[in-house]
Amino acid sequence: MTLAPDVPVAPFDPTDPDVMVERVPHDELLALRRTAPVSFVPQDEDARAGFPDHAGFWAISKHADVAAVSKNQTDFSTRESGVIMRFAPGMTKDEREASGFLLINHDAPDHTKLRQIVSRAFTPRSINALHDNLKERATAIVAAAIEKGEGDFVEEVAAELPLQAIAELLGVPQEDRGKLFSWSNQMMSYDDPEVEGDQMVAFAEILAYSMALADERRRNPQDDIVTKLVSADVDGRGLTDDEFGFFMILLAVAGNETTRNAITWGMHAYLTNPEQWELFRAERPRTATDEIIRWATPVTAFQRTAIRDVVVGGQAIPAGERVGLLYASANFDEDVFADPFRFDITRDPNPHQAFGGHGAHYCIGANLARLEVDLMFNAIADAGVRIELRGEPRRLRSGWLNGVKSMPVAYHR
Numbered sequence: 001m002t003l004a005p006d007v008p009v010a011p012f013d014p015t016d017p018d019v020m021v022e023r024v025p026h027d028e029l030l031a032l033r034r035t036a037p038v039s040f041v042p043q044d045e046d047a048r049a050g051f052p053d054h055a056g057f058w059a060i061s062k063h064a065d066v067a068a069v070s071k072n073q074t075d076f077s078t079r080e081s082g083v084i085m086r087f088a089p090g091m092t093k094d095e096r097e098a099s100g101f102l103l104i105n106h107d108a109p110d111h112t113k114l115r116q117i118v119s120r121a122f123t124p125r126s127i128n129a130l131h132d133n134l135k136e137r138a139t140a141i142v143a144a145a146i147e148k149g150e151g152d153f154v155e156e157v158a159a160e161l162p163l164q165a166i167a168e169l170l171g172v173p174q175e176d177r178g179k180l181f182s183w184s185n186q187m188m189s190y191d192d193p194e195v196e197g198d199q200m201v202a203f204a205e206i207l208a209y210s211m212a213l214a215d216e217r218r219r220n221p222q223d224d225i226v227t228k229l230v231s232a233d234v235d236g237r238g239l240t241d242d243e244f245g246f247f248m249i250l251l252a253v254a255g256n257e258t259t260r261n262a263i264t265w266g267m268h269a270y271l272t273n274p275e276q277w278e279l280f281r282a283e284r285p286r287t288a289t290d291e292i293i294r295w296a297t298p299v300t301a302f303q304r305t306a307i308r309d310v311v312v313g314g315q316a317i318p319a320g321e322r323v324g325l326l327y328a329s330a331n332f333d334e335d336v337f338a339d340p341f342r343f344d345i346t347r348d349p350n351p352h353q354a355f356g357g358h359g360a361h362y363c364i365g366a367n368l369a370r371l372e373v374d375l376m377f378n379a380i381a382d383a384g385v386r387i388e389l390r391g392e393p394r395r396l397r398s399g400w401l402n403g404v405k406s407m408p409v410a411y412h413r
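Residues 1 to 413 (the working numbering) make up the sequence shown, in order.
Hints are not guaranteed to be accurate.
In silico BS3-like cross-links for lysine-lysine, where the CA-CA straight-line distance does not exceed 27 Å [what the hints assert, rightly or not]:
1. Lys-93 with Lys-135
2. Lys-179 with Lys-71
3. Lys-135 with Lys-228
4. Lys-228 with Lys-179
5. Lys-71 with Lys-135
Hints are computed from structural coordinates only; laboratory data are not their basis.
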């Protein structure tokens with residue numbers, strides 16, 4: 001690909017895992033927003049593994065532009081290249097295209113039909129029905145962590161409620177939640193050499209587990225979400241076994257990995273801004289949850305592919321090109337958020353895009369994620385303990401997840 005002389009070229013790659021393992025590059029993203037809000041990111045062969053036909057991608061850094069592309073199904077596709085922007089070196093195009101079965105990688109009308117089926121698991125009634133059970137679980141999780149006196153906040157607190165919520169929602173035995181934790185870690189940690197396991201093996205294991213669960217519910221229907229998902233209702237059908245399997249893979253990642261990272265970064269923000277924690281303990285503002293999610297932005301970027309020549313933010317983008325929706329930039333856009341680098345749990349309004357903008361691919365589990373974050377921090381505040389940070393969070397090496405592997409803390413009564 002030959003760029004025109006006037007095309008702005010980004011001076012860094014926002015999906016570089018060597019950058020992300022150190023920090024979210026907020027200074028560099030700020031510079032992009034101010035000087036080249038739509039710019040081309042050239043990539044070498046390893047960086048664009050799985051996308052051999054592309055020389056790189058267009059970085060979309062402004063809130064307004066990210067929102068506009070998110071809502072535009074006419075000019076942009078998720079199916080063409082998927083939403084994941086960065087894979088491990090060596091990923092082939094065929095391997096990358098295998099992920100096209102995931103709901104987030106579908107376009108209308110298939111996406112519309114599948115989402116209509118999957119949405120049965122996330123109706124307000126379904127989520128509200130989980131409230132009391134998850135509140136008890138959050139309280140028990142916090143009590144167990146406090147009893148130990150110290151430990152890893154990620155594994156013992158932040159990861160537990162999302163895992164238990166998934167198990168509760170889908171009727172997965174609670175004793176199997178450790179499998180979901182392990183499988184999701186292996187699937188999403190392909191760029192981190194410290195995380196053991198094989199991505200494709202984990203993918204196959206969770207797919208087989210999910211398909212067996214779907215098959216069992218067809219043979220022995222119960223009054224639960226899994227039965228509703230796999231039973232005929234929309235267009236005369238429910239999810240097939242493999243569709244349910246891919247839904248479970250998506251839920252294991254989107255409903256586990258992202259929420260535990262939001263809870264961890266939220267706790268870190270409170271510990272490094274103690275006045276905000278005291279405010280939360282005293283007043284419990286409902287706005288706190290969305291500020292935690294904005295601050296964490298667990299998914300830093302997803303992508304779309306232009307299916308025709310289009311203009312974004314004044315920049316012409318040719319058909320067939322990938323565009324990166326930089327949520328970690330949009331959520332700190334000074335044109336939208338006053339003093340964006342201040343953690344403010346009273347921030348209102350808070351039009352963050354941590355759930356993927358407000359188009360057709362808006363996170364279907366957003367209300368469940370908000371509930372889990374809210375319940376967990378209320379449980380911690382109710383426990384009346386002081387939490388001490390014993391070391392900085394160990395970041396996940398990833399090109400698109402703002403992930404945390406561990407965060408040591410101590411609890412003081």
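**Prompt:** Does Lys-135 pair with Lys-228 here, judged by a C-alpha cut-off of 27 Å?
**Reply:** The given pair, whose Cα atoms are some 25 Å apart, holds under the 27 Å limit.
**Message:** Can you confirm whether the C-alpha distance between Lys-228 and Lys-179 stays at or below 27 Å?
**Reply:** holds (24 Å)
**Asked** Given the proposed pairing of Lys-93 with Lys-135, does the C-alpha separation stay at or below 27 Å?
**Response** violated (44 Å)
**Request:** Starting from Lys-179, check that the Cα of Lys-71 is at most 27 Å away, please.
**Result:** Since the Cα atoms of Lys-179 and Lys-71 sit roughly 35 Å apart, the hinted pair is violated (cutoff 27 Å).
**Request:** Quickly compare the C-alpha distance for Lys-71 and Lys-135 to 27 Å and report which way the hint goes.
**Result:** With a Cα-Cα distance of about 34 Å, the restraint between Lys-71 and Lys-135 is violated, given a limit of 27 Å.
Violated hints, listed in ascending order, are 1, 2, 5; each of the other numbered hints is respected by the structure.
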